Structure formats: structure tokens, C-alpha cells
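Keeping the supplied structure of chain S fixed, place chain Y upon it in accordance with the hints.
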Amino acid sequence: MACLRVPCAASILAAMSPAAIYVIAICFAGGLVACGAFVWAALRGEFSDAAEAAFLVFDADDALARTDRAPPGREGEP
Amino acid sequence: MSAAPAPAVPLVYADSPPPDVALKERVAADESTRKPVLLFFHSAVAWLVIGSLLGLVASLKFQFPDWLTGSAALTFGRLRAVHLNIVAYGWAGMALIGLAVWMIPRLVRAPLYRPGLATAAAWGWNLWLVLGLGGVLAGWTDGLEWLEIPYPIDAIVVVSGGLMAVSVLVTVARRSTRHFYVSVWYVLAAMVWFPIIFATANLPIFGGVEQAAVNWWYGHNALGLFITPLGLAAAYYIIPKVLGRPIQSYSLSLVGFWALAFFYSLNGIHHLIGGPLPTWLITTSITASVMMVIPVAATGVNFHTTMVGRFRALKYSPSLRFVVAGSMIYTAVSLQGSVEALRGFNRVVHFTHYTVGHAHLGVYGFASLVLFGALYFIVPRLVDWEWPSGRLIRWHFWLALAGVLIYVVSLTAGGWLQGGAMLDGARPFIDSVNLTKPFLIARSVGGSLMLGANAIFAYHYWLAVRRRGPARTQPAWSDRMSRPVITGVLA
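In order, the protein sequences belong to chains S and Y. Each step along the first sequence adds one to the number in the numbering used here, with nothing skipped, and position 40 is 56. Each step along the second sequence adds one to the number in the numbering used here, with nothing skipped, and position 114 is 153.
These are calculated hints, taken from the structure and not from any lab test. Fair warning: there could be bad hints in the mix.
To be verified - Derived Cβ-Cβ restraints for the label pairs, each shown as a range:
| hint | chain 1 | residue 1 | chain 2 | residue 2 | range |
| --- | --- | --- | --- | --- | --- |
| 1 | Y | Val332 | S | Ile40 | 24 to 32 Å |
| 2 | Y | Val198 | S | Leu48 | 24 to 32 Å |
| 3 | S | Gly61 | Y | Glu70 | 26 to 34 Å |
Given the structure is predicted, the values throughout are model-derived calculations rather than measurements. For each residue, glycine too, the CB sits at the ideal point set by N, CA and C.
This is chain S alone, in the form it adopts within the complex:
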């Protein structure tokens, strides 16, 4: 009788197809992975000294600036 008033696990599972249960399980696992990644990132300081990471993009680039270089005499233009 309790299941008629307040849905319990058994009644919810009975109402769902196996495919729906599979999708929910996948999404739940994906959510756990995402939350785990977030916590992991926070614990290893990804967010606390984030400004430092912004400089990672500037590696020891090749000597030629290639197509994106300004022409001679205009290198300093903003």
C-alpha cells in the first residue's frame, strides 16, 4: 500500500523499461565522473592558482611567426 502513495524503488523500476534503466545508469555514472573530475581538479590546485596556467599556451614557439605576423614596421601595433 505504501507504494501506491509514495513511489518506492520497486514501483519505479517496474514502470521503466530496461533501456531506460540503462540510460539512467550511464548518465549517473557520467555525472559521477564529472563530479569526481571537478573535485580532483579542485584538490590539485587547478582553481587556486589558475592565473598561472594561462601562460601554458606560450610554449617555445617556432622562430617563424608565419602567416600571422604583422608586416615589417608594424610589429608593435596593438
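Just chain Y now, kept in the frame of chain S:
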């Protein structure tokens, strides 16, 4: 006496090794990725031309409905599906993966783990597309949008994607940097998300309404959890790199990433507004779609504030010009998507050409423009040869931009009028068809311009990788603008 200029902030990561060591690491990283990245890029450019040609043929069928009807393979239903799959997986998918493979070793400062795995993945991806799209043209299809390729053939891409993921993920695990740059976050997420959604959506266990829900959960996530993160990863790499200044707020870039991670996956169900699904499911999807304003605003504001005061750089850098145009369109198309998910708005534009315009604004206006910019940056570094012609780059940019804008504006206006006509019970249905005719002609014009732009790019790409044209000491882009060179110093 003038004040001494403030010393420039060195653009060096705190934990970087000495410059000579860093240079060796960068050269080793580039060397490890050259072969697989070129294979991904060659394939992507070929698919781009084929895919956009088929798209134009499909569009012209609205003006010439009796054209190419002799063969079932050339009818609208099959051509349109093949066009979508080629552009989404062949062009955008392969180019974005190639881009990720090139960026990751640079950003984590480690050579690519077993480049042969990535090369095998590229061949496998091509085999999947050739067999799968051949099947679709022959009439063998799963019959679900974005999932038309028969699921037994999809096993090939699951294996290819797995090889690719192993190569990239192990490379990241062997990194010599303490942090992940924001582009690495986006690439890693896409490498994890895409296999999950693709494999799940292709399981032959769904039916009826359930299948429709899973279909659109996948369809929208293929854009939002695969194409979008890889496109943003490219923008976060190219913009600071070309400008020579870090992104304005690195923290905001992380807010954008994590907000996308938490809100995007529920968006797809808004495609089924009005369908026989539980109301809570639709409402949850609409809410998540509106919540996407947070990552989109975070990303758009960050890109804009990074560019402020440096817009002149767009004049010299084709990479920046394409990427900035694509990033601005990303903001626009994403906000448009949030509005489209609202019930009142969706009621008008659902089942109209408006949605087709929105999709092209996303995949071409955002993803393709960013990709073009990224390729202009990367290809000279891969083949050690400058792009041969500044004129071809300019033609490419303006044709691509004009083409996509004509396409989107015409379908947006036509789709809105079409939706209004369909909702008007006093008008016959055929009115909603007839009134779209001029807009569909404009669509074909826009499509022709985009095909022209893509063909120019493919030709130019072929010239560059074959190292044709003069050996330059200056970029071709500056040919025209460098004539009145300012050599003096202004007082």
C-alpha cells in the same frame, strides 16, 4: 625626459624548463604529431568539399525538384543525410580531432603517445564514413537523425575512437606540466563524452518515444559535447597565441568549461517540445538550455575582453580573423539556441527552416570558421611552408562569411514566416510552403558562396602542403598591406 616603458611581463609558464630544453620539447611534440595530424587534415578538407557540394545539390532540389530523381541514391532524403554526416563527422569531426592531436602534446609538453594509434584511428574513421555513407546512399540506414549510419558499421568508429583516446589520454598522463590549460580540459572532456554518447545512442535496445528521446539527447550532445568543446579549445589556443597575451580571465574560462559540463547534456530534449514525453523531462531540458547562458556569456566576455585594444591584429592575422569571427558567432548561435528552447518561441519555429539556419550558424559559422583559422595557424608549422597566396585567404574569408550570413538570415526570416503560416488555421498548408520559395533561393545562393569558399580553401591547402608558390620570408597575407611600410618612428 620620457618615462621608461614598463617591462613586459614574460610570457612564460612558471614551471617551464630552460628555453633550450623547452624548445627541444616543443620540436619533439610537433614531430610526434605531424603524420597523424596531416592525415586527419587531408581527410577533413576532402570531406569538406564533398559534403558542401552534396549540401548544395540538396538545396537546389528545392528549386528543381525533378533534378536527379532517376536514382534513389540521389534523392533529397539520402543526399541530405549524407551531407549532414560528412560535414559533422568527416569535416568538423576529423579536423577537430586533428587539431586536438596537434595541440595536446604542445600544451602538456610531452610527445604524442604512439602516433601510430592516431594514424590508425584516422584511417579507421575514413573507412567508417566510406562504408557507412555508402550504406546510407544504398538505402541501409538506422533512420535516426545524426545516427543514420547503420550501427554494425559504427563498430569501426568505436574502435578508431578508442585508439585515438588511448593515444591522447596517455599523452596527457605523461605530461610535464603541473596544470591543465583550459583547452586541455575541453579536449579531454570531448574525448570522454563523445564515446559515451555515441555508443549509448547506437545501442539497438530503444524503441518508440524512448528512442526519440535518446536520439535527440545524442544529436544535440554531438554538437555540444564534441564539436563545441573542441572548437572552444582551438579558440582558447589561437587567440592568446596570436595576440601574445594570455586570456583576460583564466578563472572565467574555467567557469565556462565547468558550466558547459554541468548544463549541456540535458539540452537535447528541447527538440521534442510538444511531443509525448513527460512534462518534467521537457521542462528540465528547457531550464538547462537557458542555463547555457552562463558558460556562453563567460566565454564570450572572456574572448571579447582579451581582444579589446587589439582589434588591429585582425588585419594581419587570418587565423585570428577567422577564429574571432567564429567565436562571436558562437556567442550569437548559443544565445539563439537558448531562446529557441522556450516553449512560446519553439511553437513558431519548430519544424521550419529556422532550425536549419540555426544548425548551419553553429556548424559553419562557429565551428568551421574557428577550424579554418586554426588550420591557417597550424598547417605552415606542419609542412614548414607559408600559405602561398594572401588573396586566396581574403577570398576564402569573405565568401565564407557572406555565404553563411546570407544562408542564415534567409532561413531565419523564411522559417519564422513559415511557422506563422503553419500556426494560422485559416490558411491552407500550401501557403506555408509557397512563401518560403524566395528564401530557399537565397539559401542556395548562400550555399554556393560557402561551397566556393571551401573549394578555394581546399585548393590553397593543396598548394601549401605540396609546398607550391614562392619560398617566402614574409607572410603572404601581408603582400597588399605591407607596401606603405612605416619605417620611421613617430615623435
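Subject >> Hint check against the structure, violated hint numbers in rising order >> reply: none
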